[in-house]
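Asks: So the chains spell out like this:
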Amino acid sequence: QSALTQPASVSGSPGQSITISCTGTSSDVGGYNYVSWYQQHPDKAPKLIIYAVTNRPSGVSNRFSGSKSGNTASLTISGLQAEDEADYYCNSFTTSTTYVFGTGTKVTVL
Amino acid sequence: QVQLVHSGAEVKNPGASVKVSCKASGYTFSSYHMHWVRQAPGQGLEWMGIIKSTGDIAIYAPKFRGRLTMTRDTSTSTVYMELSSLRSEDTALYYCAREFPDAFYFDYWGQGTLVTVSS
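Residue numbers (the working numbering), protein chains in the order written: chain A, 1 to 110; chain B, 1001 to 1119.
One should not assume that every hint holds.
[What the hints assert, rightly or not] Among the chain B residues that face chain A by a calculated CB cut under 10 Å, a handful are:
1. LYS1019
2. GLN1039
3. TYR1095
4. PHE1106
[To be verified] Over the 10 Å line for every Cβ pair with chain B, so calculated as not near, a few chain A residues:
5. GLY15
6. GLN40
7. THR54
8. LYS68
9. ASN71
10. THR72
11. GLY79
12. GLN81
13. ALA82
14. VAL107
Hints in this document: simulated from the structure, not taken from any laboratory. The C-beta atom is built at its ideal place from N, Cα and C for all residues, glycine as well.
Using the sequences and the hints given, assemble the complete structure.
Replies: Listed below in structure tokens is the structure:
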């Protein structure tokens, strides 16, 4: 099971919007609406920010939004803030009844 | 509040086994699945496997099959992850993460247990 493909890094200025892509196959991202996204600050455990492609858990800023088209899911952060600087990982359920993470994206706020 | 508390750091020799625990509190333990995810130093997240809420079904990522065992003890609300035939590449932070059945995402994570494999 290969990791989902994410860009290694994305950067933006405060207030801007950025989008992180997560590309898989029809056996994972494209086959199910079970893509989730996690934010990880240095030396911290990951935190759920998006589930089932588009849904935000209670308490997560509405500046985070998710979408999917075909085999590619995307996370958009609007109104970028300094606190958004972190690593971001996508995850998908797969046809093998396993799960797979993305390669991870480092977001830098310029 | 939901808490997942890991056992302490471990140092193991190559070829040995390690058993890491994750004790849950603040919710109905038997109602949730538990996953294990690891992260090597400076690297990304890697899904290892899931033990279902009933405790009778565990599904492992292909690369770990044959040397990974997950179990759970309802009496102590604890899940265990045992990895055998350790090699240096298994040096990582090992996290447990909770899933409500058929939710397909991990809503709470433990703080992780660092396992170091070194001779």
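Asks: Each of the hints needs a verdict: does it hold here or not?
Replies: Evaluation of the provided hints:
| no. | hint | in the structure |
| --- | --- | --- |
| 1 | LYS1019 | violated (20 Å) |
| 2 | GLN1039 | holds (9 Å) |
| 3 | TYR1095 | holds (6 Å) |
| 4 | PHE1106 | holds (6 Å) |
| 5 | GLY15 | holds (28 Å) |
| 6 | GLN40 | violated (8 Å) |
| 7 | THR54 | holds (12 Å) |
| 8 | LYS68 | holds (14 Å) |
| 9 | ASN71 | holds (17 Å) |
| 10 | THR72 | holds (18 Å) |
| 11 | GLY79 | holds (24 Å) |
| 12 | GLN81 | holds (23 Å) |
| 13 | ALA82 | holds (23 Å) |
| 14 | VAL107 | holds (14 Å) |
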